[in-house]
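Novice: Next come the chains, spelled out residue by residue.
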Amino acid sequence: MRRFIWLVILALTASPAAAQNVLKIGQIEAQTGANAIYGYMSSQGLALAVDQINKAGGFKVADKTYTIELIASDTRGDPKEASIQFKRLLETEGVKFVYGPFLSNVFVTIEPYAKQFNGKFLLMGGATRIHDFLGTPDHDFLLRTWNWDAGPKGFGNLMVDRLVAETGAKKIAMLFQNDQGGKVLVDIYTPLFKQKGIETQLELFEPGTKDFSAVLAKLAAGNADILFPSYSDAYLYDIVRQATEGNYFRKFFLVRGSLGPGLKNKDEIDDYFVYVPKYFEQAEKTDSKVAKFVADYKAFYKRDFPYDQAPLCSSSCYDHLFMLVEAMKKAGTVDDVAKIRKQLLSMTYEGLWKIRFDEKGEELFNFDILRMKRGGQISVTGVDAQ
Amino acid sequence: MLLEVIELTKRFGGLTALSDVSFAIGTGEIVGIFGPNGSGKTTLLNLITGILAPSAGRILWKSTEIQGQSPHVIAAAGVVKTFQNPQLFLELSIYDNVAIASHLRLRRQYGLRRLAELLPWRDAARHSEVMQRVDRILALCRLDSVRERTAAGLSYGQEKMLGVAMAMMCEPDLLLLDEPASGLGEDEIRTLEEVLRDLRGAATTLCVIDHKVDFLARVADRAIALQQGLMIAQGAPAEVLHHPRVIEAYLGRHHARA
Amino acid sequence: MKLLLWVPFFIFPALVQSNFILTIFIFSFILAIAAVSFNLIFGFTGQLSMFHAAAFGIAAYTTSLTVSIFQVSFWVALLPAICFTIVLSLVIGSICFKFKLRAFYFAVVTLAFSELARLVILNWNNVTNGTLGLMVLDKPSVWLPVGGMVKIDGAVGWYFFSLAALIFTVALCSLVLRSWIGRCFAAIRLNEDLAQTLGIDIFRYKLLSFTLANALAAIAGSLYAFYTGYIEPNYLSINQSLDIISMVLLGGRSSIIGPIAGAFVLTGLPHMIDLSGETRAMLYGLVLILTILIMPQGVIGTLATWRRAA
Amino acid sequence: MLQLLVGQTLNGVIVGTLYGIIALGVTLTFGITGIVNFALGEFMMIGAYVTWYMFDIAGLPYPLAILPAVAIAAGCGFAADQLLFRFTRNNLINGLLVSIGLISIIEAAALVLWTTTPKDMGYVLSGAFRLGAVSLPKMKIVVFALLAAVMFLTYAALSRTWMGRAAYAFSQNPEAAMLMGVRTEILQSGVVVYSTALAGFGGALYASLYSLEPAMGGLYILKGVEAAILGGIGSLIGSVAGGIILGVTEAVGSIYLPGAFRDAYGLVFVVAILLYQPAGLFGTER
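Residue numbers (the working numbering), protein chains in the order written: chain X, 1 to 386; chain P, 387 to 644; chain F, 645 to 954; chain C, 955 to 1240.
These are computed hints drawn from the structure, not numbers from a lab.
Honestly, I wouldn't trust all of these hints.
DSS-like, lysine-lysine: derived pairs with alpha carbons at most 25 Å apart [said to hold, decoys possible]:
#1 X:LYS170 / X:LYS373
#2 X:LYS373 / C:LYS1073
#3 C:LYS1092 / X:LYS266
#4 X:LYS266 / C:LYS1073
Next comes chain X alone, as it looks inside the complex:
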């Protein structure tokens, strides 16, 4: 037991004191585990951005050149792990800029502690629960780095409007995973559909479900025109395949996930609506920045580019680091958090995405709405949320 205590103290003293001209950036995301889908891409994008900035010899603020040290540990979506790591970031590492978390359970756990450091650091995360805290007293450290579904500028609204305009759906069947994300979708979209006079029918499934035919058959018996399935590709592939094979549904409406499952069954599908932060397959051809990003990713990770999940890079990583650096340059400081925040809120960054924050600190970025018809011809509509 005592030996262990010494271990701790050693580790404590051993942790390097902030060296000159090194800017420490922290990240708390689930890189592995059941809920890693967002954190995984975020952590990859951030690591890539850091690498690029340092390779370029760092960045200059007030004629001082800084390189970035990234401290990103894996929370596995476990609030316990997260809060320990978070405290370490703020105290022993003295980090002033923390990316993540994307998981609401992690966020609500660290929030009471984080607000003690209000004004001393910035937390740039995508968690839905962050929305509720934005603009409340002593939460100036918060920035939400993800489009909000609801509200006039929310993509949820825009998606539903388009759905009504283009298909005139009357009844929609919702099939969500019985977890954080699923519940959030229910809370946001049920009222949205109600406003537009669309009837809804809901089924939740246990995480880990692979065979959906029972629940799909049940939903199909309710004669909905269109299926609005769960948000993670881990399930979409199975749901879409089983829905079409079993002749339960041939129209789909998604606000999370990707086009992949649709393309795979393109000859069985009548209509496939998807919200994606970016349709990389196409943007790669038209937009040089995107092409570069894809190339860099392949070079850096030496593996193929995950088109399915890459859109999640918008969550809180690649662009946001460059945006932060730019804000620092403009503000002429790397540690006056208040100044840097003001810069972030006032500027618009043109990276892979066109990013702007609203006055409360919630992000608005442009995104794509894809629509795939039978046979797989795809129409892309870029939407500028600003």
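Put chains P, F and C on the given structure of chain X with help from the hints.
Specialist: Relative to chain X, chains P, F and C alone:
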């Protein structure tokens, strides 16, 4: 009568291990039950101590029915058995083995007052007179020299004696010994006999099962002979031993005729 | 004499001010409570219960819900939580032990019950808020000779609070184990048949062990909820149970303090050395396997054997 | 509604056989080595990913893709047996915990190799047979046929061949079997490897129906163990039947009851059975 066994029958699927056995044991006597292997001796014991439930028949203990009761209830009522091949708490020391066996004694003597043991300021080694009894029994069973050794490291004879010691610690009114002498050397058997005498001195009724005929003849007041689940004779050891069916059972037909 | 072992813990916060280190200790203390209590039923009575995380989580929910609904203090809420856990344990334990479920079957049935509990909490949205979990905003307060009633907030406060709770647990367990109850547990672990013929009521003492273990786990759960300020159905997940089991095995199931060591190693180590999630998972598995195959009595047990050998 | 019921019953049977093949492995391992190998689910995962790799990346035809999957799963099984399980024979709790350790190692390795991004293998056979509202995907029927065949062969092998009888004898009474000259070590390793091969085969078929992720093993082993207990551990027919019962309960259950509780139906069943008949439906008290 202390124990009455009435038309006791036990079947395992097809075969009948014990059929219509009836006998009684009075306070203070030493009854020897013998018979060749497979004659149902151990089954009988397991039925009495509640390890098995009888297929038919009744067992009266102090004239209340106890058949089918669970073992610990019957043990608490005062019927305790030893095992043919000793069952011990192998990881524990001899002393602790016997100490665990003091459970019933403590319960009878203190009941809920045992809760006082939970008080931090009461040290663990209380109930001194009980612990003294442990020492006495260990001495009696010639185990005091090895009391700190773990039960796993005992000789077969010592294991048997430890079994007896634990049974004695329960202070039963009726002690059933399942082949206590088997596998014991001469001097160990003598020790055993002393122990039995001492038990009787403590007004414990004994029921000894064995196929060592001569041993039973020495210790028992009364003998019961079993064969293939049937009781074939009972009475004074000498008579039972010379009962023709017993001889037949042991030595085969022709001897019986002779 | 043993009490001296605790002294370093009391002076420790004076040595390190770091909130981060203290946090590791606080989590270790709270989880150690769960591990030590689990060892009652697992290590000392020899029954592999998979209901432990459930007791932990159910109590966490009961306490926090009582506090938020009836606006009572932590201590008042702790009582119903413990009572509820005890009742549940009595019911489930009676079922399992009445039907004489041994080893594996006991594990499976208790596992089934804890999964059911998790699913109920998961889907009972209007009370438990389902998977979104609940925030626990209140903090327990204690009476101190200096300063009267004080709310426990911040690392140092929680450090001593959880340490006290741990010491209480250890004291209770050691008192129980040195008494006749402990002897009965050992008897059941080592030889049920013999124990019965010696007049030990196996059913009663198994039930006692199971209930006591869960009741203590309930305390750990409530503390955990109020310290993290957040509860979610994952508290009842199988993995939670497995974590507790591995703490016990790592530390050693034959001693009371073993699980504490286990809790410290498994909570602290990941943060001492920075590893990717995958590497950490592999390391975890490796440690678990090696402990079982190479030193089955766990760290503390092995050390003890060495000392005896030396 | 009737059609819905019929369709889902059939579907449940098919899904159930997939549980059944794992349950078969669980039961065999338990009968011969006295431990429950919770890592079987991971061997299933290995089999599934290998199949995906052979079929999608290496471009082998599906039948040829299955073989290496089974082989590699069995190979890993052999390694695991020689390195780990050999030391936990008849030690239930240690076996349990060693397999849990193994799970977290294999799963982490899978994460490194294939990441959390789901892999969806190209369709071997798409489309479905339809009869009114009842529709069964063709591939599912193929999978069912294959699983049934393998289960039957296993049963035949165990009741006909000497090895099989030896195994049965051993599971009934180890000492006697050893006296009769059964080579314990070989028998035990053989059974462990065979059960991992079964799991690998199950995985190979799984890959043709569902998308893959490293965590898939965890769910299936739980179902497999449930099924094994349901049918009575130690009984071959029981384990298969248990799997099917479980599958049907879930499928039909989630029509009439909220799908979110799907996993609970099986559990309730298991508890009930265990209390009503501790040996399981087809098991015999030993």
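Novice: Could you run down the list of hints and mark each one as holding or not?
Specialist: Right, here's what the structure says about each hint:
Proximity of X:LYS170 to X:LYS373 is assessed by CA-CA distance (about 19 Å); at most 25 Å being required, the pair is judged to hold. Between the alpha carbons of X:LYS373 and C:LYS1073 the distance comes to roughly 24 Å, so the proposed pair stays at or under 25 Å and holds. Taken as a hint, the C:LYS1092 and X:LYS266 pair is honoured in the structure, with Cα atoms around 19 Å apart against an allowance of 25 Å. With a C-alpha separation of about 18 Å, the suggested pairing of X:LYS266 with C:LYS1073 holds against the 25 Å cut-off.
Checked against the numbered hints above, the structure breaks none of them.
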